[in-house]
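Protein sequences appear in the order of chains U and G.
Residues in the first sequence are numbered from 195 upward in steps of one, following my numbering.
Residues in the second sequence are numbered from 136 upward in steps of one, following my numbering.
Hint data in this document are derived by calculation from the structure and do not stem from the laboratory.
Please note that the accuracy of each hint is not assured.
As the list claims (entries may be wrong) - Restricting the straight-line Cα-Cα distance to at most 27 Å, the calculated cross-link-like pairs of lysine-lysine (DSSO-like) are: (1) G:Lys175 - U:Lys374; (2) U:Lys770 - G:Lys344; (3) G:Lys215 - G:Lys175; (4) G:Lys144 - U:Lys957; (5) U:Lys765 - G:Lys453; (6) U:Lys452 - U:Lys406; (7) U:Lys406 - U:Lys374; (8) G:Lys453 - G:Lys523; (9) G:Lys348 - G:Lys378; (10) G:Lys523 - U:Lys717; (11) U:Lys482 - U:Lys770; (12) G:Lys348 - G:Lys294; (13) U:Lys887 - U:Lys857; (14) G:Lys344 - G:Lys385; (15) G:Lys175 - G:Lys144.
Unchecked claim - Quick partial rundown of chain G residues pointing at chain U, CB under 10 Å, derived from the structure: (16) Leu139; (17) Ser145; (18) Thr241; (19) Gly242.
Note that beta-carbon positions come from the ideal geometry of N, C-alpha and C, so glycine has one too.
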Amino acid sequence: MDTIERLVAAWREEPGIWCCVEHYWEIPARGPITRDFPDELSSDIRTVLQRVGINQLFIHQYEAWEKIHSGKHVIITSGTSSGKSLCYQLPIMESLVTTEPGTALCIYPTKSLAHDQYDQFERLITSLSAITPNRLSLGVYDGDTPLGQRTAIRQNANVILTNPDMLHMGILPHHTNWSKFFQRLRYVVLDEAHHYRGVFGSHIANILRRLKRVANFYGGFPQFIFTSASISNPIEMSQAMLEESVDLISEDGAEHGKRIFILYNPPVVDLDLGLRKSAVSEVVTLSKDLLSNNIQTILFIRSRKGVESLIRLLRSTLPFQQKNIHGYRSGYLPSERREIEGNLRDGTLKMVVSTNALELGVDIGKLDAVLVVGYPGSISSFRQQSGRVGRRNSTSLTLMISSANPMDQYIIRHPEYLLDQNPESVYINPDNPLILLNHIRSALFELPFADTEGFGHLQNSQLGEYFMVLSGVGEAQQSGNRVFWMGSSYPADSVSIRNAGGEIITLQARVDGKDKRIAMLDKSSATWMAHPGAIYVHDGEPYEVIDINFEDNIANLQPANGNYETEPVIKSSVEKISELQKRVYPHSDEYVGEILVTSQVVGYRKYQWLSREIVGSKNISMPETNLRTVGYWLVFQESVRQALLRENLRDFCGNNYGPNWTKIRNEVRKRDRYRCQICGVFESDMAHDVHHKIPFRTFTDYETANRLDNLVTLCASCHRKVEQNVRVQSGLSGLAYIVHHLSPVFLMCDFGDLGVIAEPESKFADGDSVMIVYDQIPGGIGLAENMLEKREQILKAAFDLVNACGCSDGCPSCVGPGGENGYGGKKEVKTILGTLIGAL
Amino acid sequence: MESLSDRLKSLGMHLGMNQTNKITARENSLSFEVVLDLQKDVNLYGENYYYHEIIDSDYQHGIINFSDEPDLHSLNLWSKISDGKTFSKESVVFLDCETTGLSGGTGTIPFLIGLGFWKDQQFHLYQLFLHQPNAELAMLTFLSEVLTPFQVVITFNGKSFDIPLLHTRFVLNFMEDVFTNWGHVDMLHFARRLWRLRLSSRSLGSIEKEILKITRTDDEIPGWMVPEMYVDYLRSGDPNPLKGVFYHNKMDIVSLAALFIHAGKIMTNPIQWLDDSLDVISAGRLFEELGQVDTSLSLYKAAINQGLPLPFYLDTLKRYANIYRKQQNWFRAVQLWVMAAENDDVDSCVSLAKYYEHREKDYASALHYTEMAIRCCVDSAEVQRLKKRLHRLLLLSGFAK
């Protein structure tokens, strides 16, 4: 029996473990699906392939060859380690052995990936060089390439491996140095293209517009080859990026052994509060079993800080295995990383704890088991991580341990998300005006615009207003039938393609007496990530912000001890600018439109790092920031309020307020002179009610809840209104919590990409209650529009999650821990969601 | 409807620059050709405008007279221009571009290309003006034509700026780069070598002031203002402020030519033309690198006689001695090392110690200089090494006794 199967069988017999296994499934072993080499493949290439032991192609490699050979742009979404690289290496190599060798540009999302791919590709090219008369060379051209080598690489390399940043900053604005390369440019490869989502993807789309423009100028019309993890809209994504038609290759002919998947939910330790045992402590137990069975394992954890603390924990609890456990994340030295990768490949390292840094195609060979600690935030990420295991002939294991986050709890209840072929979509918005303007500036710098020329799918007429803005600041000049760049700056410098644009704040820390630049943030993020007192974590190292200066755009930091982290307290208000879309549903009106969110950081809380316990808070006052963006909003119709009201009536009496409640109640009525403290009416035949300002249920003991300053006398009708408002309030904040946590699953974005505000009696909605979900990127990148499209799914998922949660009145896994704004609000959220989706 | 620029601003875009500084076109203004006194050339690709001026053959530019005929042999040697392109005063062209920016790259446009050359003793200044951005092909075609007689270009910082920039322009206009296979002498490199010890800045401006003794008139505008003046002209149509740019460019060309003559003279007879001893030792090093040891020795000697600040004095003594050491002229070398050692120079003490130990087997003298070196030395690692030497010498001298 296979080691993994033996271990899983043993776990089955262990009730403490197996009771936590919410789902178990297997994918049977599969043999390879192959084809013979295509007839057109030249003999030199065959020889090279045969030398490295490739005698046939997997079906997806064969299909890719055929489509590319027929001149189509393609996107390949076959699984991790299925030999995707060969799909583009083959046609590139073929173009190198012709009488007029072409050139190719391979773009990787990170430098390290480019270097890794260089090593692999280089072996093939060297072997090919030996048998072909053509002079072949491959070169990495990025920020680390020594200046002295750049000219030689530009002039000689047939294949350039680079990253989007270098293409944007170094290559395109100096394209005349690359004229020969562009003239012969046959292929452009975008590897791991699913990384190009959101703002980054929108920049990439514009960089591709510029790349095509420059290549065309020299008579080059390259074919584009994308590779991507499996996403649900590969064609839509690649076509949005390229603005041309793209063919999909999604089959996967690679073989694999049996694969076991386990979803593990740590046991509930406090049913009422919905508290679960922490994922980390479960990881230690499971890791011990894996290590003692000599199973090579990779642990994925979301944060870099998590990597370090998990290693510490594992090493201290498993003293005999210390040397077998290592970390891996960005921030490690390249040499250190190479060594870890090597030790993983040759099997000497048994366990590696990593961030998603190892998700990217870095070559570490295949491992036996992967432990995913906490849902990684997207299905394709999960698949990439689980793709790290699966040897040809033995069984492999993917085990995901969920955290208390609603996203995790939703996924663990809906494993079909992970199973079925419906991973997330990737969205980009290349025409976001901020992003577009910066690329038009760069494009204009690169080549003047003819008066008939467009930019991507944009017609010249649509560019006119951009040119006008640029002429207004002296950066563009019409002359004859062309528009010229006339600025004295280097426009690519002023854009960070991993940010939306606008002003940038530099974070610097004083380390060893020198100011070290740590990170750059756009201004709006800086106000809440880098306010004075904030703990900012970079490369696993915590820093405390000393001050931030918005005139010089600099924040000063100092290394911090890392015992706690901070969370800002933000006061926000929203104004409507325009309505772009409106849909009417039975219980709500829903919109997409432009909004202005004004936020102010008014304080922050300090959290103990592991326990999440609040250890302090402080009030501060940061300047207001304005975010103009696109939002989705849901205006509740009266029917929702009515439903809440009915719920409210059913639930109104019967609370037990403690042994001496009658006495206290009388005291309060007397204190308030038997008058309602809202409308002022005196008691007549019936005694007034006594209301808890901060709801009774949020207290753990009745004495504190019943302190006189928390009590007030109200008449029955005012009391109902107040209670109702409290309920609406808690319902809305619970709803905001769950929608904020769950939507990223459906929109394929990070939690921080979205902002959610819910207000009762909101000015925004002319006095109705409203929930607003907005894009955190100025100008928006399509998340709000997508929210409207997916509202049904998201609301339904939220409803299911709240219904299935075992807690009594709200917990971190559903509507959030109660207490701040009223009740836990679980019942109210259920009522609101149930009404909206018509389930009640 | 909301304008794009308002929309961008509310999205947080910082549009910068002098948007408020609205420049309105002046009516009834004279045309640029008249204001700037330009001539017109027409070719297949359009019209060209250029300024042409002939400068008198005996024009005096600071300390330089344009009728001087320096021997350019040594300057030719220094320039290391490939054979067959030996240059004379009348076979070179001086070039300097005024551009829309300083960053380089495809978006930086040279809008004024200044050229200068001697023809029949007279100095000709040509300034090719890009009267509109669209006229570049016509201008570059004209430029190629004007440059036809030449094979060697003289610039100031042209190796990293002007020539690559023009290369980019030729590529963008699908033209052959006229400078391919040309000889190129970048006078910035010369200035750096010759005046690096004395002048804190080796810009053309400070060379002009400190070396050529020229002050520009009030017409001068500083180089950093040039880009915006052209943009302002395109927006306003008022050519008047450009006069300053033309003056600036003209002075750059004329000073470059003067520097060229001066460099020729210096290279032919450095002692006569250099009066600061720091410049003399710089020239000494330059000739030493060229392998002209005799010239170099005489320069070092002259500088020492003239007097030098101590660190330069010691450095020069050592270089001087080193040349004799290579020639195995130990007598001279020792003399010079002793002069330096008297000024507490550790290196020279060590050189002397080595000399006495290995050549003369005079361990007592070797010991003396090693002890002296240890006394003068402040670097603790070096002291350790010296102490090892001392120890060895003590042993050796013991045996000798």
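Structure-based check of each hint:
1. At most 27 Å may separate the alpha-carbon atoms for a hinted pair to count; Lys175 (chain G) and Lys374 (chain U) exceed this at roughly 35 Å.
2. This hinted pair does not check out: Lys770 (chain U) and Lys344 (chain G) have alpha carbons roughly 63 Å apart, beyond 27 Å.
3. With a C-alpha separation of about 38 Å, the suggested pairing of Lys215 (chain G) with Lys175 (chain G) is violated against the 27 Å cut-off.
4. Between Lys144 (chain G) and Lys957 (chain U), the direct Cα distance comes to roughly 25 Å. Compliance with the 27 Å bound is thereby established for this hinted pair.
5. Only pairs whose Cα atoms come within 27 Å are accepted, and Lys765 (chain U) paired with Lys453 (chain G) is rejected, the gap being roughly 72 Å.
6. Annotation: proposed proximity of Lys452 (chain U) to Lys406 (chain U) is violated, straight-line Cα distance about 44 Å (limit 27 Å).
7. Distance restraint check for Lys406 (chain U) and Lys374 (chain U): the Cα-Cα separation of roughly 15 Å lies within the 27 Å cut-off, and the hinted pair is therefore satisfied.
8. Between Lys453 (chain G) and Lys523 (chain G) the CA atoms are separated by roughly 24 Å; this keeps the pair inside 27 Å, and the hint holds.
9. Taking the CA atoms of Lys348 (chain G) and Lys378 (chain G), the gap is near 23 Å; set against the 27 Å cutoff, the hint holds.
10. With a CA separation close to 61 Å, the supplied pair Lys523 (chain G) and Lys717 (chain U) exceeds the 27 Å bound.
11. Restraint check for Lys482 (chain U) and Lys770 (chain U): not satisfied, since their Cα atoms lie roughly 55 Å apart, outside the 27 Å limit.
12. At roughly 26 Å between alpha-carbon atoms, Lys348 (chain G) and Lys294 (chain G) fall within 27 Å of each other, so this suggested pair holds.
13. As the CA atoms of Lys887 (chain U) and Lys857 (chain U) are separated by approximately 18 Å, the hinted pair is consistent with the 27 Å bound.
14. Between Lys344 (chain G) and Lys385 (chain G), the direct Cα distance comes to roughly 16 Å. Compliance with the 27 Å bound is thereby established for this hinted pair.
15. A C-alpha spacing of about 44 Å is found between Lys175 (chain G) and Lys144 (chain G), which places the hinted pair above 27 Å, so the restraint is violated.
16. Nearest Cβ of chain U to the Cβ of Leu139 (chain G): about 4 Å, under the 10 Å cut. The hint holds.
17. For Ser145 (chain G), the interface hint holds, since its Cβ comes within 10 Å of a Cβ in chain U; the closest pair sits about 5 Å apart.
18. Taken as an interface hint, Thr241 (chain G) checks out: its beta carbon lies about 5 Å from the nearest beta carbon of chain U, inside 10 Å.
19. Because the beta carbon of Gly242 (chain G) sits about 3 Å from the nearest beta carbon in chain U, less than 10 Å, this interface hint is met.
Hint compliance for this structure: hints 1, 2, 3, 5, 6, 10, 11, 15 are not met, and every other hint is.
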